[in-house]
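As given, the protein sequences belong to chains A and B, one line each in that order.
All residue numbers for the first sequence refer to this note's numbering, where the first residue is 1 and numbers rise by one.
All residue numbers for the second sequence refer to this note's numbering, where the first residue is 1001 and numbers rise by one.
Everything labelled a hint here was simulated from the structure, so no lab data went into it.
Just so you know, these numbers come straight off a predicted model, no measurement behind them.
Honestly, I wouldn't trust all of these hints.
[To be verified] Derived DSSO-like pairs: lysine-lysine, alpha-carbon spacing no greater than 30 Å straight-line:
#1 A:Lys239 - B:Lys1124
#2 B:Lys1002 - A:Lys68
#3 B:Lys1005 - A:Lys404
#4 B:Lys1124 - A:Lys242
#5 A:Lys242 - B:Lys1116
#6 A:Lys353 - B:Lys1005
#7 A:Lys294 - B:Lys1117
#8 B:Lys1203 - A:Lys294
#9 A:Lys404 - A:Lys37
#10 B:Lys1070 - B:Lys1117
#11 A:Lys244 - B:Lys1288
#12 B:Lys1316 - A:Lys247
#13 B:Lys1288 - B:Lys1223
#14 B:Lys1070 - A:Lys244
#15 A:Lys68 - B:Lys1135
#16 A:Lys294 - B:Lys1052
#17 B:Lys1052 - B:Lys1062
#18 B:Lys1268 - B:Lys1124
#19 B:Lys1206 - B:Lys1192
#20 B:Lys1117 - B:Lys1268
#21 B:Lys1054 - B:Lys1224
#22 A:Lys239 - B:Lys1052
#23 B:Lys1052 - B:Lys1192
#24 B:Lys1288 - B:Lys1312
#25 B:Lys1052 - A:Lys37
#26 B:Lys1073 - B:Lys1062
#27 A:Lys294 - B:Lys1005
#28 B:Lys1275 - B:Lys1223
#29 B:Lys1316 - B:Lys1288
#30 B:Lys1070 - B:Lys1175
#31 B:Lys1268 - B:Lys1165
#32 B:Lys1054 - B:Lys1075
#33 B:Lys1206 - B:Lys1028
#34 B:Lys1288 - A:Lys294
#35 B:Lys1224 - A:Lys68
#36 B:Lys1135 - A:Lys37
#37 B:Lys1137 - B:Lys1175
#38 B:Lys1192 - A:Lys244
#39 A:Lys247 - B:Lys1073
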Amino acid sequence: MAHFDENAKPFSQKWLDERLAVSTLKRVLSTEYWIPKNINFLWAMGMVLAATFGLLLVSGIMLLMYYKPDVNLAFDSVNYTIMSEVGYGWLWRHIHGVGASVVFLIIYIHMFVGIYYGSYKRGRELIWLSGMLLFVTFSAEAFSGYMLPWGQMSYWAGMVITNLFSGGSLEAYGLVEWIRGDYVPGDAFLTRFFMLHVLLLPLVIIGLIVLHFGTLRIPHVNNQDGEEFDFEEAAELYKAGKVKESKVIPFNPVFLSKDVFVMGIYFIFFFYLVFYHFEFAMDPVNFDPADGLKTPPHIYPEWYFLWSYEILRPFSKDLGLIAFAIAQVIFFMLPFLDKSPNVAPASRRGLFKYWFWIMLVDMIILTFMGKLPPQGIWNTIGLVAALLFFALWIALPIITKLEKKL
Amino acid sequence: MKELKIFGIVAAFTLLLYWGVEPFAHSKMHKHVEGHDFVYNGTADIEEAEAKGKQEVAEAKKKFWADVEKISKLKGDVAAGEAAFATCLGCHTGQPINMGGVIPPKLDHAGALYDKKYLIALIKDPAMASNVDHKYKDTSTHPMGSIKMMMGGDQQIADVVAYIKAKKAAEVTPKEAYEEACGRCHAMRYMKWTQLGETPKFKYEKDALAYKIKVLDEQDAVKKYMGKLPPDLSIIIRARSEHFLETFVENPQSQLPGTSMPRVGLTKEGYEKVKAYLEESGDPSKPKREALGPWVLLFFFIFTILAYLWKKSVWKGHH
């Protein structure tokens, strides 16, 4: 037992310090959590993501109270009960729907910022890996949530995606049926995806967010120049009052004030979408109730899965599945495939500069092709873009090996 | 300044992405259908037949719509029209009684809802007017088919239409517009609307069940007549684009070739009323969104300005 002051008033600073170490916690987590001064607004995307996740969590809890995970009731509980009968149900739903889409936009920006500035390299590999795990879990979370309104696209996307587990021409349908709990998506499918969406996956996400933050604490956040410096030395300088000379700033309140400003701008954009353009996030096809006897003319996933869907599509059944599987995990390999010794923005590196922009544009092209009907010229462009995607990954270790140390 | 440049790049790629997966992809996924501004003169029908290479049908349609044009030039006599209109009331009673597959529509606001030329065409040949003649080609006849025997020639048609346009054109509510134009085939469960009309409240469950059986019987009749049960329209406003709905109502064949959905013949104003009701059902939060939206955005504008001032004061002396 530690020593406790008999005279400390309950819940006073001292009383709390003795029991919870609140002062130490505050110091370690905020006022003496050192952030490089030289970072731009793109480093605020982490906080923007955390805030969006918070919005998704709160709005999700509101929706959960009125949603009915039953194939006969799901559609109307979302589109009628929540939209018309629950006070502000429409607002919660639109926040949830817009949030689910926008969160991926920010995740992609966050990812490509990491790639551009080399923030996955030397010492920061675990930040990258935990972030990629978060991305994959978010994808599963988004997919399971997309099933819940039980509209036409929910049903058919569920059919197509679970079919991926049939193992190509092995036709191992046992696995698909096990996942669905039925021969086609039905009540068992809906209820288990409901559980995944509202319980298991959010728990995993919260755990991974903690891990992701934890991986950041020792190697510290990267900066705009990829510059390596002694954080403790810089911190001493800052604490000595030489804030101008020091290369670091405390997270709270200095960087936080920038985070909050960026979040303000982001929320204007976010709520503009919620109130005036919510339909961009909601596929009209999903406002037709699920009909297992009528296939929609075009089946496509939400926009954030289109690029990997397009990697699946232009190939034959088995090759497509393998390509798709590789595309899902290849980003995990990034810190190990990039052989360059430099931690620097892409613009200051060798051929990697071109690699970055070609990869970005290629993924945008894949995204476009993933939504277009698979016919004629679109097929060819899709195939070329998919091949280029793999060519880029094969080229990565070679071109980075050639890079000279800066 | 550098941050603004970076923001510009991020925003440009985001917009490019949006353009590709929304407007561009949708323009490639859905064929473009020309709207006709709610003018009913058969142009689309004739083109349609010609595109399919059915020269005979195209000729028949040309002749039919030329006749309609001719009748529309005749001066209708409202008083004479009223007498002839009495024959219509034999079927168009406003009662939910199925006749030959569907319940004939109430005509209380027909003058306000439907286009003049369309009404002329409908009385002359209902199947041709509603562009579902393909359905009645061989064996069956349109439920309104015998009207040809009842109407005594072009002048009488002009009279009846003049009467409808003059006396059945009272201001119509969105609900009435929906009821008369769509409500006999399409249910709208979010508005408690069935093919038999608005579901009454019942004191005893027995009565509610008996009514439900009546609705099921009516649905069976409609299903038999239409080939399938027409879809529930509760949230059709969200499931279809504005352009789709408008061109579909104008000419169902344009979006769903071969469909047994008849052309309704709404005027632009009539369509606006129907649309208002569809919106009330499928997008009831619209007025609330528009009322709350500006306040929430204003809050975040002020929030952002204050956050910026805070940032400026905190960062003082850091650079």
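Tested hints:
Between Lys239 of chain A and Lys1124 of chain B, the direct Cα distance comes to roughly 92 Å. Violation of the 30 Å bound is thereby established for this hinted pair. Straight-line distance between C-alpha atoms of Lys1002 of chain B and Lys68 of chain A comes to about 49 Å, which puts the hinted pair past the 30 Å bound. Proximity of Lys1005 of chain B to Lys404 of chain A is assessed by CA-CA distance (about 28 Å); at most 30 Å being required, the pair is judged to hold. For the hint linking Lys1124 of chain B to Lys242 of chain A, the alpha-carbon distance of about 93 Å lies beyond 30 Å, and the restraint is violated.
Taking the CA atoms of Lys242 of chain A and Lys1116 of chain B, the gap is about 84 Å. The hint is violated against a cut of 30 Å. This hinted pair checks out: Lys353 of chain A and Lys1005 of chain B have alpha carbons roughly 18 Å apart, not beyond 30 Å. For the hint pairing Lys294 of chain A with Lys1117 of chain B, the CA-to-CA distance comes to about 37 Å; that exceeds 30 Å, so the pair is violated. At most 30 Å may separate the alpha-carbon atoms for a hinted pair to count; Lys1203 of chain B and Lys294 of chain A exceed this at roughly 38 Å.
About 27 Å separates the Cα atoms of Lys404 of chain A and Lys37 of chain A, which keeps this hinted pair within 30 Å; it holds. This hinted pair checks out: Lys1070 of chain B and Lys1117 of chain B have alpha carbons roughly 10 Å apart, not beyond 30 Å. With a CA separation close to 50 Å, the supplied pair Lys244 of chain A and Lys1288 of chain B exceeds the 30 Å bound. For the hint linking Lys1316 of chain B to Lys247 of chain A, the alpha-carbon distance of about 15 Å falls within 30 Å, and the restraint holds.
Using a Cα cut-off of 30 Å, the hinted pair Lys1288 of chain B and Lys1223 of chain B is violated, with the two alpha carbons roughly 37 Å apart. In summary, the hint linking Lys1070 of chain B to Lys244 of chain A is not supported, as the alpha carbons are separated by about 88 Å, beyond the 30 Å threshold. For the proposed pair Lys68 of chain A and Lys1135 of chain B, the alpha carbon gap of about 41 Å is over 30 Å, so the pair is violated. Distance restraint check for Lys294 of chain A and Lys1052 of chain B: the Cα-Cα separation of roughly 26 Å lies within the 30 Å cut-off, and the hinted pair is therefore satisfied.
For the suggested pair Lys1052 of chain B and Lys1062 of chain B, the alpha carbons sit about 15 Å apart, so the restraint of at most 30 Å is met. A hinted pair counts as satisfied when its Cα atoms are at most 30 Å apart, and Lys1268 of chain B with Lys1124 of chain B qualifies at roughly 22 Å. Restraint check for Lys1206 of chain B and Lys1192 of chain B: satisfied, since their Cα atoms lie roughly 18 Å apart, inside the 30 Å limit. Taken as a hint, the Lys1117 of chain B and Lys1268 of chain B pair is honoured in the structure, with Cα atoms around 13 Å apart against an allowance of 30 Å.
A hinted pair counts as satisfied when its Cα atoms are at most 30 Å apart, and Lys1054 of chain B with Lys1224 of chain B qualifies at roughly 28 Å. With a C-alpha separation of about 82 Å, the suggested pair Lys239 of chain A and Lys1052 of chain B falls outside the 30 Å cut-off, and the hint is violated. Pair hint Lys1052 of chain B plus Lys1192 of chain B does not hold up; C-alpha atoms about 41 Å apart against a cutoff of 30 Å. As the CA atoms of Lys1288 of chain B and Lys1312 of chain B are separated by approximately 36 Å, the hinted pair breaks the 30 Å bound.
Among the hinted pairs, Lys1052 of chain B with Lys37 of chain A is inconsistent with the structure: their alpha-carbon atoms are about 70 Å apart, more than 30 Å. With a C-alpha separation of about 17 Å, the suggested pairing of Lys1073 of chain B with Lys1062 of chain B holds against the 30 Å cut-off. For the given pair, Lys294 of chain A sits about 48 Å from Lys1005 of chain B by alpha-carbon distance, which is inconsistent with the 30 Å threshold. In summary, the hint linking Lys1275 of chain B to Lys1223 of chain B is supported, as the alpha carbons are separated by about 24 Å, within the 30 Å threshold.
Simply put, Lys1316 of chain B and Lys1288 of chain B have alpha-carbon atoms about 42 Å apart, too far for the 30 Å limit, and the pair is violated. For a cut-off of 30 Å, the pair hint linking Lys1070 of chain B to Lys1175 of chain B is broken: about 34 Å separates their Cα positions. Using a Cα cut-off of 30 Å, the hinted pair Lys1268 of chain B and Lys1165 of chain B holds, with the two alpha carbons roughly 15 Å apart. In summary, the hint linking Lys1054 of chain B to Lys1075 of chain B is not supported, as the alpha carbons are separated by about 34 Å, beyond the 30 Å threshold.
For a cut-off of 30 Å, the pair hint linking Lys1206 of chain B to Lys1028 of chain B is broken: about 52 Å separates their Cα positions. About 35 Å separates the Cα atoms of Lys1288 of chain B and Lys294 of chain A, which puts this hinted pair outside 30 Å; it is violated. Distance hint between Lys1224 of chain B and Lys68 of chain A is unfulfilled; the C-alpha atoms sit about 33 Å from each other, more than 30 Å. Between Lys1135 of chain B and Lys37 of chain A, the direct Cα distance comes to roughly 74 Å. Violation of the 30 Å bound is thereby established for this hinted pair.
The straight-line distance between the Cα atoms of Lys1137 of chain B and Lys1175 of chain B is roughly 34 Å, outside the 30 Å bound, and the hint therefore fails. Between Lys1192 of chain B and Lys244 of chain A the CA atoms are separated by roughly 69 Å; this puts the pair beyond 30 Å, and the hint is violated. Taking the CA atoms of Lys247 of chain A and Lys1073 of chain B, the gap is about 86 Å. The hint is violated against a cut of 30 Å.
In the structure shown, a violation is registered for the earlier hints numbered 1, 2, 4, 5, 7, 8, 11, 13, 14, 15, 22, 23, 24, 25, 27, 29, 30, 32, 33, 34, 35, 36, 37, 38 and 39, in ascending order.
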